[in-house]
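Visitor: Sequence:
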Amino acid sequence: MTVTSGVNRLGLIFSPAPTYTAPMATLTRLFPLLKQLGLDDQKAQEFIETIEKGLIEHVATKADLEKMRADLEKMRADLEKMKADLSVRIESTKTDLLRWLFGAWATLFLAILALFFKFP
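With my numbering, letter number 93 in the sequence shown gets 93, and the count goes up by one each step, no holes.
No lab work stands behind these hints: they were computed from the structure.
Every residue gets a Cβ at the ideal spot worked out from N, C-alpha and C, and that includes glycine.
What follows is a set of in silico ranges between Cβ atoms, one per label pair, in the way DEER data are often shown:
{"no.": "1", "residue 1": "I112", "residue 2": "D78", "range": "47 to 55 Å"}
{"no.": "2", "residue 1": "A63", "residue 2": "L101", "range": "52 to 60 Å"}
{"no.": "3", "residue 1": "H58", "residue 2": "L101", "range": "54 to 62 Å"}
{"no.": "4", "residue 1": "P120", "residue 2": "A84", "range": "49 to 57 Å"}
{"no.": "5", "residue 1": "L79", "residue 2": "R99", "range": "29 to 37 Å"}
{"no.": "6", "residue 1": "E46", "residue 2": "R76", "range": "43 to 51 Å"}
{"no.": "7", "residue 1": "A114", "residue 2": "L79", "range": "47 to 55 Å"}
{"no.": "8", "residue 1": "R29", "residue 2": "E66", "range": "27 to 35 Å"}
{"no.": "9", "residue 1": "R69", "residue 2": "W105", "range": "49 to 57 Å"}
{"no.": "10", "residue 1": "L97", "residue 2": "R76", "range": "28 to 36 Å"}
{"no.": "11", "residue 1": "I51", "residue 2": "L72", "range": "28 to 36 Å"}
{"no.": "12", "residue 1": "P32", "residue 2": "H58", "range": "24 to 32 Å"}
Only pairs whose alpha carbons sit at most 30 Å apart, straight line, appear in this in silico DSBU-like list of lysine-lysine:
{"no.": "13", "residue 1": "K81", "residue 2": "K94"}
{"no.": "14", "residue 1": "K35", "residue 2": "K53"}
{"no.": "15", "residue 1": "K83", "residue 2": "K67"}
{"no.": "16", "residue 1": "K74", "residue 2": "K62"}
{"no.": "17", "residue 1": "K81", "residue 2": "K62"}
{"no.": "18", "residue 1": "K94", "residue 2": "K83"}
{"no.": "19", "residue 1": "K43", "residue 2": "K53"}
{"no.": "20", "residue 1": "K81", "residue 2": "K67"}
{"no.": "21", "residue 1": "K67", "residue 2": "K53"}
Input sequences plus hints: build the corresponding full structure.
Guide: Have a look at this one:
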């Protein structure tokens, strides 16, 4: 990882986002260190290959990202469909509620009128 920093025109120190080097280039730098620690060439190479394999397995490829994008688009379409279905259901519920409320108010109005004429 290499980071370069500098001073902008206001005199503030800044450091941009770090840029990462390729994993293999970094891992090949480990080889002399592993040799200094007493590992023979074969063991050092196996160690580096194991680490590299682990890195490759956990890094997302462009194909992985495209698959995830497709899954997200499918999920977004499903959510839009669900949203439209819910809007239709809410509208029908609203209509039913208004119909029942009108019936209740009409019944109450008729009951009040009956009481008004019965007890003048």
